[in-house]
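Student: In case you want the letters, here they are:
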Amino acid sequence: MKTPFRRPEYWSRGDLAPEHQPAIGPVQPERHVRGSHPSTPAWLVIGFGLYAALLSWFQIQAGASDYHGVIWTGMFHNLLTLDSLGRQAMVSSLHIMPLQGLPALPFLPLVGLRHAAIAYAHGLAILLALATLSLANLLARMQQAPRPATAIRYQPPRTTFTLIIALSLLLILSLQFAGHGITGPLAALACLIMAMDFELRPTPLHRAMAGLFWGCAALSHWTGLIAASGWMIVRMVQMGRALSRGHRWAIAFIQLVSALYLAGIHLFLSALIMRDPLYAVRSFRIPPRHGAPVESLEHAFRTATPNAAPVVSGHWGYLVQPFITEHGGHHVIDFHPDKMPAWDTRDLVLVEPAPGNPLVPFSDSLQRLRERQTNLRGCLLITETGGWRFYAISRHP
Amino acid sequence: MTPPPVSPAVSRPLPQPNAHEVMTRGQRNIAIFGLLVALLLLWQFPRQLLVAVNVAVIVCYLLFAGYKLILQMVSVRARHTDQAPGTMDRNILPRYTVLVPLYHEASAAPGLVAHLKTMEYPMDRLRILLLVEADDDDTRTALDRLVLEPPFEVITVPVSMLRTKPKACNIGLDAADGDLLVIYDAEDRPEPDQLLKAAWKFQTSPGSVVCLQSALNFYNTDRNLLTRWFTIEYSGWFDQCLPGLFHLDAPIPLGGTSNHFRLAPLQALGGWDPYNVTEDCDLGIRLYICGYRTAMLDSTTWEEATFRPGPWIRQRSRWIKGYIQTYLVHLRQHGRLLRTMGPVRTLHFHFLFGATFFCLLVNPVYWLMTLLWLTTTPAWLNLLFPAWLMVPALLSFLAGNAAFVLSSMLACLNRQTDRLVPVALLMPLYWILMSIGAWKGAIQLVTRPFYWEKTPHEAKSAWRKPS
Numbered sequence: 004m005k006t007p008f009r010r011p012e013y014w015s016r017g018d019l020a021p022e023h024q025p026a027i028g029p030v031q032p033e034r035h036v037r038g039s040h041p042s043t044p045a046w047l048v049i050g051f052g053l054y055a056a057l058l059s060w061f062q063i064q065a066g067a068s069d070y071h072g073v074i075w076t077g078m079f080h081n082l083l084t085l086d087s088l089g090r091q092a093m094v095s096s097l098h099i100m101p102l103q104g105l106p107a108l109p110f111l112p113l114v115g116l117r118h119a120a121i122a123y124a125h126g127l128a129i130l131l132a133l134a135t136l137s138l139a140n141l142l143a144r145m146q147q148a149p150r151p152a153t154a155i156r157y158q159p160p161r162t163t164f165t166l167i168i169a170l171s172l173l174l175i176l177s178l179q180f181a182g183h184g185i186t187g188p189l190a191a192l193a194c195l196i197m198a199m200d201f202e203l204r205p206t207p208l209h210r211a212m213a214g215l216f217w218g219c220a221a222l223s224h225w226t227g228l229i230a231a232s233g234w235m236i237v238r239m240v241q242m243g244r245a246l247s248r249g250h251r252w253a254i255a256f257i258q259l260v261s262a263l264y265l266a267g268i269h270l271f272l273s274a275l276i277m278r279d280p281l282y283a284v285r286s287f288r289i290p291p292r293h294g295a296p297v298e299s300l301e302h303a304f305r306t307a308t309p310n311a312a313p314v315v316s317g318h319w320g321y322l323v324q325p326f327i328t329e330h331g332g333h334h335v336i337d338f339h340p341d342k343m344p345a346w347d348t349r350d351l352v353l354v355e356p357a358p359g360n361p362l363v364p365f366s367d368s369l370q371r372l373r374e375r376q377t378n379l380r381g382c383l384l385i386t387e388t389g390g391w392r393f394y395a396i397s398r399h400p
Numbered sequence: 027m028t029p030p031p032v033s034p035a036v037s038r039p040l041p042q043p044n045a046h047e048v049m050t051r052g053q054r055n056i057a058i059f060g061l062l063v064a065l066l067l068l069w070q071f072p073r074q075l076l077v078a079v080n081v082a083v084i085v086c087y088l089l090f091a092g093y094k095l096i097l098q099m100v101s102v103r104a105r106h107t108d109q110a111p112g113t114m115d116r117n118i119l120p121r122y123t124v125l126v127p128l129y130h131e132a133s134a135a136p137g138l139v140a141h142l143k144t145m146e147y148p149m150d151r152l153r154i155l156l157l158v159e160a161d162d163d164d165t166r167t168a169l170d171r172l173v174l175e176p177p178f179e180v181i182t183v184p185v186s187m188l189r190t191k192p193k194a195c196n197i198g199l200d201a202a203d204g205d206l207l208v209i210y211d212a213e214d215r216p217e218p219d220q221l222l223k224a225a226w227k228f229q230t231s232p233g234s235v236v237c238l239q240s241a242l243n244f245y246n247t248d249r250n251l252l253t254r255w256f257t258i259e260y261s262g263w264f265d266q267c268l269p270g271l272f273h274l275d276a277p278i279p280l281g282g283t284s285n286h287f288r289l290a291p292l293q294a295l296g297g298w299d300p301y302n303v304t305e306d307c308d309l310g311i312r313l314y315i316c317g318y319r320t321a322m323l324d325s326t327t328w329e330e331a332t333f334r335p336g337p338w339i340r341q342r343s344r345w346i347k348g349y350i351q352t353y354l355v356h357l358r359q360h361g362r363l364l365r366t367m368g369p370v371r372t373l374h375f376h377f378l379f380g381a382t383f384f385c386l387l388v389n390p391v392y393w394l395m396t397l398l399w400l401t402t403t404p405a406w407l408n409l410l411f412p413a414w415l416m417v418p419a420l421l422s423f424l425a426g427n428a429a430f431v432l433s434s435m436l437a438c439l440n441r442q443t444d445r446l447v448p449v450a451l452l453m454p455l456y457w458i459l460m461s462i463g464a465w466k467g468a469i470q471l472v473t474r475p476f477y478w479e480k481t482p483h484e485a486k487s488a489w490r491k492p493s
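Just so you know, the protein sequences line up as chains A and B, in that order.
When we follow the working numbering, the leftmost residue of the first sequence carries the number 4, and every step to the right adds one.
When we follow the working numbering, the leftmost residue of the second sequence carries the number 27, and every step to the right adds one.
Please keep in mind that the hints were generated in silico from the structure rather than gathered at the bench.
Keep in mind that the hints are not guaranteed to be accurate.
Claimed, not checked - Here are the in silico distance ranges between beta carbons for each label pair:
#1 A/F271 to B/K143: 42 to 48 Å
#2 B/R73 to A/D341: 25 to 31 Å
#3 B/G92 to A/M145: 48 to 54 Å
#4 B/L88 to A/G243: 36 to 42 Å
#5 B/L409 to A/M145: 56 to 62 Å
What the hints assert, rightly or not - Here are a few chain A residues that sit away from chain B, every Cβ distance over 10 Å (derived from the structure):
#6 A56
#7 V114
#8 F256
#9 M343
We put the beta carbon where it would ideally sit given N, CA and C, even for glycine.
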């Protein structure tokens, strides 16, 4: 059968000089339909709207009970006013990690610094909306058994059903996390879901991109860091055992390099800002399972620091900012008495959550402060309440 | 500098606008005025001016990195395959003219001729014009030894002061007939079914598609580190950028060789600009302005990568010189660009030409500043980078560079040259070479604007497609 070529005159006629041509509109590029759901943007918008509404409601209603929201509000303020505390806070904890807050930046100009917690909620909502699509992909893959006797990887398209299930699951999880006042891990969860989705995609380019999401998960929360580290170890073992440097090896290499690079950026920034690349790791503590409630802090401040400048060290300083401001005190991320303003000659009283207080992981440990700062030797425990400890700090050793 | 005449034998009028003048009087006046204003501002407000320039450069970096990323994402989605038709009646195939400009290519000629004889296209519908300079006795002798028969023909390019490839191509264009035309270089090894694929693609494409660009890649990839880097760069450009440009209906800078044209529109456009040392890029823009389109052809032409740093830098300097030439030429009619291409596609033009050479020229300055900042942190650097600028600057440094490296690794994966993936990590060293080439090209644009830096080829006759 002959191929249906047109007559040769077609070419010689060609499309002649511009002056003989009618006006040519833009040529429609070839369309290559991939297997995506036709209403992907609509689902993104729906997901974003629902998550944003839910998380914002918690930020408004529950107020200061969401530690992450309050801390990020303070950090955004410091970051945008170019206060060095904000930069320190970005890299000095494994509980408060950069990728929780970075997606909120586009929303900050819209809502203003006073409502930065709302921007933070919207940033998380973006991540969750993207993760919804990935979770729907994973569910679609589970729903459809792999095709037998074929070497070709296949990505079944996500359906409305899988999208609804994914959305519902993530909404329930968001509700749970926000209800407990800990929204930070949601960012890591979203990144992990996206990493898993890309890891299982049929195209090599997508699989190679999974490393970026693993890296993002590691920069979102300590739970993501542990998950990503475990995955990296498995990948390295697989690469070490591979006999030849084939396609799969190359994909694993790109994944590893991407994830390690993101982790490397965190270490680099930490070295630059904190003078210690592993500052966050060294000061890491897991929150107590059943901590004392955050209460009576105002009372504690009033009774324990009548004539002194209260200072706090660590991210929890953002949580108690109103009390500190009221008492004319200071909060610092990386505590050092020299950072206090020279005009304030009052004695310093360092307020630290006692063991068992859920804010412990957000504060610097005094032990560590003592190790790092030699001029903290004048530190003296003066009083202790149920959830708090108060130390007198000598500024002139 | 007075431009040399093209050739007494060429009567073809120059395409408009062209690179006969590097800068028009208007452009020169604007440049001088801008320089004077900058000097005045530097005298009055030195710090503010330097910070403003710094901000502009960082914004440019960020936009360019973002543009490249978007282009690559679009390219991945726009991937397609072209197939040559299985059986066809040879009598209805279009007549094809193949132009091969040769200059000091005596060693490459036998391999080229042998390869072109293997092309899967009816020889009676093919004309292969070997364009040899009149004073290039070595190449002529080598061709004589081969005892060429039709479809091969040797066309003599008259000697003139101007020795550029587009000049030779224009002479070939005068001699060409038939329906379609393609250009190959001496060291090119196109895939044997490329002409068939191109004919088929032209037949099935809209009439406004008058040019097809094949992908270019290298058959001597594993020669040394430089050829590996070069391969990665080409894989990124031809496989992960140009398809995206076509998909976005943006102007495509042609790739120098393996450009397939419908003959009549090319002749009507006036062929190539003989004064432009990247005549291919210029032609791509001119085609677009006239309402024509360039599409990508899913076929690869295998070339020889320059494997010594000296010739590589010379080749790169010619390319960057040509990019600047093309940019300046089309800036003269910026209003026309905006009218015919629209603001978005004009932005493509600025990114593809202006931002490309600008970033390459500015890169060394910023690398040096980064190095100083990390080692000694001089006070004047802190003045240049106030705290509010540090975040975008760091983002540009850490994310922008990483994005380019990652896209290089993905390009290797896409081309299935997996062994090159780790080499892509060293691409920043390759960028240093690129910047050296860019500076050489920029300086040469002032001193020898029409000089064609000839790239020497080893061009082994024994060639096989890389695995």
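Student: If a hint holds in the structure, say so; if it doesn't, say that too.
Tutor: We went through each hint and held it up to the structure:
1. A/F271 to B/K143: 42 to 48 Å: violated (57 Å)
2. B/R73 to A/D341: 25 to 31 Å: For A/D341 against B/R73, whose Cβ atoms are near 30 Å apart, the range 25 to 31 Å holds.
3. B/G92 to A/M145: 48 to 54 Å: Given a distance of about 35 Å, which is not inside 48 to 54 Å, the answer is violated.
4. B/L88 to A/G243: 36 to 42 Å: With a Cβ separation near 38 Å, B/L88 and A/G243 satisfy 36 to 42 Å, so the hint holds.
5. B/L409 to A/M145: 56 to 62 Å: holds (58 Å)
6. A56: It holds; A/A56 is separated from chain B by about 30 Å at its closest Cβ, greater than 10 Å.
7. V114: holds (20 Å)
8. F256: Contrary to the label, A/F256 does not stay out of reach of chain B, its closest Cβ about 5 Å off (not over 10 Å).
9. M343: The claim stands: A/M343 keeps its Cβ more than 10 Å from every Cβ of chain B (closest is about 21 Å).
Hints 1, 3, 8 from the list above are not met by this structure, while the remaining hints are.
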